[in-house]
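S.K.: By UniProt numbering, the letter at position 196 of the sequence shown is numbered 196, and the numbering carries on one by one without gaps.
Keep in mind that the hints are not guaranteed to be accurate.
[Stated by the list, open to error] Derived pair list, reagent style SDA-like, types lysine to any residue, alpha-carbon separation capped at 20 Å:
1) Lys-60 - Asp-85
2) Lys-4 - Glu-20
3) Lys-245 - Tyr-203
4) Lys-60 - Ala-78
5) Lys-199 - Asp-164
6) Lys-60 - Thr-30
7) Lys-4 - Tyr-203
8) Lys-4 - Gly-232
9) Lys-199 - Tyr-186
10) Lys-4 - Gly-58
11) Lys-4 - Ala-35
12) Lys-199 - Pro-185
13) Lys-4 - Ser-213
14) Lys-199 - Thr-47
15) Lys-199 - Thr-81
16) Lys-4 - Thr-230
17) Lys-199 - Asn-76
18) Lys-60 - Glu-20
19) Lys-199 - Gly-209
20) Lys-171 - Glu-102
Rather than coming from a laboratory, the hints here were simulated on the basis of the structure.
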Amino acid sequence: MSIKLLAIDIDDTLLTSSHEVHSAAPEMITRALEAGVKVVLCTGRATPSAMRYAEELGLKDAGQFLITYNGAVTTNLADDTIFADATLDLDDVRTLFDVSEEIGAHAHAIADGGIFTPNNPLSPYTIREAWLTDLPLFYRPVDELDESLIYNKFMMVDEPDILDRAQAHMKEHYSNQFTALRSQPYYLEMIHPQASKGKAVAYLAEQLGIDLSETMGIGDSGNDLNLITTCGIGVAVGNAIDELKDLADYVAPTNDEGGVAHAIERFILNS
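Hey, can you work out the whole structure from these sequences and the hints?
M.R.: Given below as structure tokens:
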């Protein structure tokens, strides 16, 4: 059965180690679009941060969809409207900041308006996240957080051993309230329990009349696990974590070797 929907992770999958789109990817993505395939960037990044890649690859002009915040928000790029969302409320964010303080982990909350943290001094990981995503960074005490903002994702950012403890704590005490994902050794991300990349792709496919057997997902890290297992064909790039490679139907070359372009050519253009 041919692939009708392709979901691609951004960081360390579409992007090389130098944080640029691999040179082989744009042509292959364009050819997939020309073949009638829905091409969806599916990322943990904030919507404004991911949008620049959607524009660079012609996905916005082509009226595709964009899945951000690890599946919490799906945007219809044809008119920039929210197609689906499952976000955190202010009480959720306050709870997570309290948990972070209890564990001793630096943390920040992300909304479309920026990154908000009560940590002073700022964590270098929070500064790095702001730099990578091009989002403004704000120091904000917890009791001064803006209730009118929509918080899409919460991140604990710290040394791996601290986040190991945090991840175990979240699993033991908050597994019904939040989904906790380890996207990097120094990132533990919390989203709405109904949000995930896999669920977002499944819902989008259903609304578009596409069977899951006609979908393909490409990723590299822990927050791509349910994407890989949900899609009809799950592809891990060669630099992916071992757990993802074990679950994948196919292991492509690394992000630096053009793994995304390779997978598109193999499973879509030459199928």
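S.K.: Hint by hint, note whether the structure agrees.
M.R.: So, going through the hints one by one against the coordinates:
no.	hint	in the structure
1	Lys-60 - Asp-85	holds, 19 Å
2	Lys-4 - Glu-20	violated, 26 Å
3	Lys-245 - Tyr-203	violated, 24 Å
4	Lys-60 - Ala-78	holds, 7 Å
5	Lys-199 - Asp-164	violated, 25 Å
6	Lys-60 - Thr-30	holds, 12 Å
7	Lys-4 - Tyr-203	holds, 14 Å
8	Lys-4 - Gly-232	holds, 10 Å
9	Lys-199 - Tyr-186	violated, 25 Å
10	Lys-4 - Gly-58	holds, 18 Å
11	Lys-4 - Ala-35	holds, 9 Å
12	Lys-199 - Pro-185	violated, 24 Å
13	Lys-4 - Ser-213	holds, 9 Å
14	Lys-199 - Thr-47	holds, 17 Å
15	Lys-199 - Thr-81	holds, 19 Å
16	Lys-4 - Thr-230	holds, 15 Å
17	Lys-199 - Asn-76	holds, 16 Å
18	Lys-60 - Glu-20	holds, 18 Å
19	Lys-199 - Gly-209	holds, 15 Å
20	Lys-171 - Glu-102	holds, 15 Å
In this structure, the hints that do not hold are numbers 2, 3, 5, 9 and 12, in rising order.
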